[in-house]
Amino acid sequence: MIPVCRLEDLPAGESVRLDTTPPVAVFNADGALYAVDDTCSHQDASLSEGWLEGCLVECPLHAASFDLRTGEPTCLPARRPVRTHRVSVVDGTIHVHLTDPTVTPVPASAPLTAAASLSAPASLAASGSSAGRAPMTGEGSAA
Amino acid sequence: MNTVTVVGASLAGLYAARELRAQGFDGRLVMVGAEPYLPYDRPPLSKSFLTATATTAVTDASTITALDAATPTVTDRATGTAAHPPYASAPEDHLALTDPEEIADLAAEWLLGTRATGLDQRGRAVLLDDGRTVVTDGVVVATGASARRLPGPQPAGVHTLRTLADARALRADLTCGPRRVVVIGGGFIGAETASSCVALGHDVTVVEAAPLPLLPQLGPDMALFCADLHRKGGARLLTGTGVAGLHRMAPASASGVADPGTPRLGPSNRAPSSPSGISDRPDPSDRPDLSGHVTAVELSDGRVLPADVVVVGIGAVPNTSWLSGTSLTVSDGVLCDGGCVTSLAQVVAVGDVARVDGVRAEHWTSATEQPRVAVRNLLAARTVEPVAALPYFWSDQYGSRIQFAGHRLADATVRIAEGSPDDGGFLALYEHAGRVTAALAVDCPRPFMRARRELRVRQATAA
Chain Z
1 MIPVCRLEDL
11 PAGESVRLDT
21 TPPVAVFNAD
31 GALYAVDDTC
41 SHQDASLSEG
51 WLEGCLVECP
61 LHAASFDLRT
71 GEPTCLPARR
81 PVRTHRVSVV
91 DGTIHVHLTD
101 PTVTPVPASA
111 PLTAAASLSA
121 PASLAASGSS
131 AGRAPMTGEG
141 SAA
Chain H
144 MNTVTVVGAS
154 LAGLYAAREL
164 RAQGFDGRLV
174 MVGAEPYLPY
184 DRPPLSKSFL
194 TATATTAVTD
204 ASTITALDAA
214 TPTVTDRATG
224 TAAHPPYASA
234 PEDHLALTDP
244 EEIADLAAEW
254 LLGTRATGLD
264 QRGRAVLLDD
274 GRTVVTDGVV
284 VATGASARRL
294 PGPQPAGVHT
304 LRTLADARAL
314 RADLTCGPRR
324 VVVIGGGFIG
334 AETASSCVAL
344 GHDVTVVEAA
354 PLPLLPQLGP
364 DMALFCADLH
374 RKGGARLLTG
384 TGVAGLHRMA
394 PASASGVADP
404 GTPRLGPSNR
414 APSSPSGISD
424 RPDPSDRPDL
434 SGHVTAVELS
444 DGRVLPADVV
454 VVGIGAVPNT
464 SWLSGTSLTV
474 SDGVLCDGGC
484 VTSLAQVVAV
494 GDVARVDGVR
504 AEHWTSATEQ
514 PRVAVRNLLA
524 ARTVEPVAAL
534 PYFWSDQYGS
544 RIQFAGHRLA
554 DATVRIAEGS
564 PDDGGFLALY
574 EHAGRVTAAL
584 AVDCPRPFMR
594 ARRELRVRQA
604 TAA
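The listed protein sequences correspond, in order, to chains Z and H.
The first sequence: position 54 = 54 (the numbering used here), numbered continuously.
The second sequence: position 92 = 235 (the numbering used here), numbered continuously.
One chain only, chain H, in its complex shape:
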């Protein structure tokens, strides 16, 4: 294998590159990244990156150099004449997943700000959006997922939170004094963003379509606990209602006239709040032009929530469109066997985009654990090892750290093993047929580590 192309300069992509070199691959390594940045860590984007607004906004410009590769750069392995991406230390360089020394060691060609648009039928060439083609022997698919958006155009003030660019844009909107923030979706991104917005002093409402947030992930008991975190933390939580549409400021010239661009998510049979059904707040001439800016979120139960900033956290869609036309099977992710190998032996997939043995796990830990096995199987040209990871994720909300490991079975019972949900931290164990299958901790790190280790040992011995 002379050339391996990693598509996705992501967490999973970087770990794949590391594994390729660690496992002895010394050929040409090409890293293709749609974003113009070196690999960075996304978890802080909904947490410290947002709440750091007040103190570090002015240093943001210098921060960018830690991740930005202003021009896509290519490292020439043979000559060593490398034009490395700029990489300086900065207050927020904790987002950076790598450093100049490792960049040099990896000796990869970084094609950043470059999107892969296709893969040839046999997986031997990656097509790029700048017209170039990378001829390759092996491919690691690490293109991740994109934030799911509401249908229709997205008015100003409406955000998703997935990328550094998303986070910068949202952060900018949160620095203009107290705002009314509506977070659509009570999942992890929604809850963490809501928590950060409360910490920044904003008025926050979280809208969740399900009866409780995080129901599928945590089950009813612990989901109820997380719902209380919102309320205790100072955010309003509205559950069991969807979103019918967004209201936005009408253009100044068309004040009072329905804005045809207003996205609506479905029919609304109730009496509209204004003759046009859209709140056409006139744009006073002495105010900045806010035409097109979001003004409210209309719920499917008829309520209208005034909003200056809207954050849409309704899940993510795997980035697989570039793989259409190949022989790879795509169905909510790239289908892989238990060893991350696709239907083509020289194409493996890792991270959020990979459906490994039927499961697509959008976990940070999956993105860091799958690449070792995927690369081993890629270099062996067949599946010699399956992934044996125990699912693990964590979330920081309203000053509480939630950690979860294992498999939650649908009819599991939850037992509080340490502490109490009513008072400080606790460890909860999910039991099914007399066996512990998962553990959840809130501010209870040591007992959680013990439980996680025990789950891991049990999984290994059961395998």
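Excised from the complex, chain Z in its bound form:
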């Protein structure tokens, strides 16, 4: 449980960034508090600097939008969700309860399961074996 700030210091429409690893953004969306991973799942941009509209936040770099209630992207270019974290207010102080970082959010698409079921399990095995080789120098793809 990480203390964030006093409730009155995060007025409606505002957000604050926590320097956790990974960083977390806390939003006051018209009175409702939400916390999500701060880094956009598309590219390196801080959602705490995004555009808050209702319970959607728009990424300041490429306008990907996320639903703060679920962390799910609502439009491209993001395709993966951001993790959500529980928020509580104790004695007037906002706290974030970090979701276990070892628990990766399972996107609706569940890419690995999908890949494995597509008659191409060899691709996973191939990635494992090739990872054991020397680092690529680029010549394999220079064509």
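Hints were generated in silico from the structure; no laboratory data involved.
For glycine and all other residues, C-beta sits at the position ideal for the given N, C-alpha and C.
Hints should not be assumed to be uniformly reliable.
[As the list claims (entries may be wrong)] Not the full set, but computed from the structure, chain H residues with beta-carbon under 8 Å of chain Z:
| no. | residue |
| --- | --- |
| 1 | F168 |
| 2 | P187 |
| 3 | D242 |
[What the hints assert, rightly or not] Among chain H residues calculated to face chain Z with C-beta under 7 Å, some are:
| no. | residue |
| --- | --- |
| 4 | V473 |
| 5 | P588 |
| 6 | R589 |
Once you have looked at the hints, place chain H on chain Z.
Positioned in the frame of chain Z, the structure of chain H alone reads:
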């Protein structure tokens, strides 16, 4: 329309495929990609992809599976017996623009590692470099652009940065300890690459032919600010001078003799630095064979910059050669009307290759915004909607994020609306005849978003 062929498995090509399915096209969809990869995002190639060298080089091999389709694969829509491109999660799969689920949903035939070599006169057949022909009813031209190169042969150690293969090759050259890097061109690719090279600990010099980098894009005031970013960031910036040629290590057997293969960009009237005019650094026998490797960049003002790695960032040329012989008009891009429709109603063009209503915008955002309109017009068989995008681009340099939106008019004045260029982030507004026409922000994302929205609203109401 039974078959649509998207030529270019690029950002714009993928967005076109998405739009085709989203707008109800349920026919045969063929994706032709010259590179052997599924669509990937290029912007990180000059940034995080390069700077991640130290920590992720060893996992690179597994990374490749996220994008590589080792063999061109075809998805059979009717039977569903699909051999999908391998697509595993990997540390750098943030380059990947799509995933297996979407690949399945798009139900396209992916002809990757396959180059289109021609289009028949009426745009009804796409010719491929493996001899095959795709008979088609509609074509989306999304072949992008290629990095412009220096004339002459390219010595080892000289790079352009456009494709994943380019980025891998450059990254490999940047992992051999501190190097002297010369970046030719102070545009976005040059500046971002220079910034990444500084972050990696290399000695970096940027050469820009114009008096300031990014002058055409940003105007003099903001270009001056960006020039300072180089200096503050730890790179040398040399402006107002072109490149006369590259020096390279002479072959060991011909040590001291002029290498006839040395590319030279123009006549050099000054006294040469060696009798032959080329630095023939002998190749000591106890060193690895570096013959043919670049050793220096010679500037048009006579200076010679020693270099182990050279990055050439001098713009891009639209990939249109495959369209010669068609009735399409090509002039620095495929000419389209305001709705991305070419002179053939069943051929549309999107992204870097498209000159839409006279403008070719090499912006990531254009590649993602044009396809919706282009596909709508393609399916309607005529232009029913023009593109109404507000130009937008961004750049990350030396820890600063630059964002720009709108149209910069030549005689615009620049007003700092928030913050200060001397201290942290700021928002600058370009004003012309009392109206704001463009906005530039450095590390000032929220005010920039507001300004961009206002510009968009104003453009929509003016239209």
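The hints, checked one at a time:
Because the closest C-beta pair between F168/H and chain Z is about 18 Å apart, greater than 8 Å, the hint is violated. For P187/H, the interface hint holds, the least distance from its beta-carbon to any beta-carbon of chain Z being 7 Å, beneath 8 Å. The closest approach between the C-beta of D242/H and any C-beta of chain Z is roughly 5 Å, which is under the 8 Å cut-off, so the hint is satisfied. Interface restraint check for V473/H: the shortest CB-CB distance to chain Z comes to about 26 Å, outside 7 Å, so the restraint is violated.
Taken as an interface hint, P588/H checks out: its beta carbon lies about 4 Å from the nearest beta carbon of chain Z, inside 7 Å. For R589/H, the suggested interface contact is upheld, since its CB lies about 6 Å from the closest CB of chain Z, less than 7 Å.
In summary, the numbered hints that this structure violates are 1 and 4.
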